[in-house]
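Let's have the full structure, built from the sequences with the hints guiding it.
Residue strings, one per chain:
2 protein chains.
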Amino acid sequence: MSRPRPSTAAAAIVRGDRRALAKAITAVESGAPAGDALLRELYPRTGRIPIVGLTGPLGVGKSSLINLLVAHLRSNGRSVGVVAVDPSSPFSGGSVLGDRIRLDRRADDPGIFFRSMASRGASGGLADATRDVARLLEAAGFDVVLVETVGSGQVDVAIRGVATTRVVVLVPHLGDEVQTLKAGLFEIADVFCVNKSDLPGAETAERDLAELASLGPAPDGWRARIVRTSTTAPSGIPQLWSAIEAHEAFLAASPAHAAERRRRLEEEIVGRVREEVARRLAERLETDPALRRLVDRVLARELDPRTAAERLVAPGHRGR
Amino acid sequence: MSRPRPSTAAAAIVRGDRRALAKAITAVESGAPAGDALLRELYPRTGRIPIVGLTGPLGVGKSSLINLLVAHLRSNGRSVGVVAVDPSSPFSGGSVLGDRIRLDRRADDPGIFFRSMASRGASGGLADATRDVARLLEAAGFDVVLVETVGSGQVDVAIRGVATTRVVVLVPHLGDEVQTLKAGLFEIADVFCVNKSDLPGAETAERDLAELASLGPAPDGWRARIVRTSTTAPSGIPQLWSAIEAHEAFLAASPAHAAERRRRLEEEIVGRVREEVARRLAERLETDPALRRLVDRVLARELDPRTAAERLVAPGHRGR
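Going line by line, the protein sequences match chains A and B.
If you number the first sequence the way my numbering does, the last residue is 320 and the count never jumps.
If you number the second sequence the way my numbering does, the last residue is 320 and the count never jumps.
Any given hint could turn out to be false.
Claimed, not checked - Dumping the calculated DMTMM-like pairs for lysine to aspartate or glutamate here, alpha-carbon to alpha-carbon at most 25 angstroms:
(1) 23/A <-> 304/B
(2) 23/B <-> 108/B
(3) 23/B <-> 304/A
(4) 23/A <-> 41/A
(5) 23/B <-> 41/B
(6) 23/B <-> 36/B
These are calculated hints, taken from the structure and not from any lab test.
Here you go:
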């Protein structure tokens, strides 16, 4: 397939222009057409690097851990893009993460790029935007992307399709929590990180998790690894990265992975079709008298919403 | 419009058969076709009663408050259906609300019906199911439906389109919280309930909220009311119900309300079309070779997901 010449913006991103990258991310976050065009153009340059998702409850030290992970990767010559996903909530009235400085930015190191993302409402939209920002970072030449999410159920579920390796960060003294973890976290964790392992109980926590992990491998054949880390007297960081790399190597060799990649892309395409259909229909509801009459009938309880929707899906409908 | 004879199940629900109602709710929750058929049939019987959403952080006493509100309504001869929406979370490993008995069921009173709903993942799906269950309750003859949600941002946002009156439940000593509340909660609250008002600080909390409320009425012209309640030495419950009724009366008289009802129905119809389109497309991805080739090209990075989706939305596409 012949490719058109790259646009100025795409060329700038690819050659490492950080301002062009930041601008593109803003466009993607806000859903601007410029972001869309760039993602189309840069898509061939994506899909090869590890996208590591780090998730876990508030207060387990994810940000410090990411700081150390970034330092470790830099000392091994790898460039790192960090995306902190910060779901806004009506109850927190804005940013869960707030204004605290979340990462030692090392502004003078071009091998690190940090971006915090916030989005109200649509958790699906946040996942899409995160995936797209990770693609921009890859196109910009970063070797690894780390995605940090706060452990609020809905967002994590939405984000889980974005990462290639998912790390769940916990702290010692899980106690009863380990029992409840069974139901949900094992499905999403490729690596467990017991952080603050200098606290008493770290060994027990590790043992408990190992016991759970031994209950059986995930459907794809990978058995979750468990790593102990500390960020106060830093330890375990190289081991954490090794566990992540082991999972990435497993993926590369796994036939299940190809199927999973296909499934994710299908999901993305279906999602885009769904949103585009909804967008067009919402537009027509404003302007098309036949559609307005259909809604009138639903309002008058002459027709139910299910039947109305069916008529709109049926090919060749005229909003009868 | 001529209506067919009601089905046996619909007739049973309408005449007050509680087992038929419970069965229908289960069908709706699980997305079974039987639930769909019932909702189509019963739709003309819906859209008239107050659907009161009560939301707020964990631990503010929503369940006790609902118990007392139900008792108040019963003593006034009103029947009440209660829906407790219980988002499952990967981190809680299941039910946030857990197994604790959440409502004094008064199993011997046919004027009360309680149902707890849980759903993993899709918050949109949970809102749809809640709206549909409220419709079943209305068709079954209940005078009021109360919907309780736990204050986790995403779910509240999703649920907010379901309730006709939204009550946000808080406790004294809001402190800094009041500031952060500004951003999010005022948009969704028609009534503020300061519960545990026997605790010190209740007056201050009420004053702070009143000050915020005075900053201006909502877009529809309603100014949020503030009510103090206690559930230990019960007080304020009639006042809480009066505030809810005042909002319902406001809605009935408000021209903005008709527009809002239309907007919600349009949203529901668009949502159903979107999901149906996605369902059909996902099916075709399994079976249609042209579509499989399209995905192959996206996997090979020859085509980007946006362009692929566009081709699928375009009328008359063949999955080129």
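* List in ascending order the numbers of the hints, as given earlier, that are violated by the structure. => none
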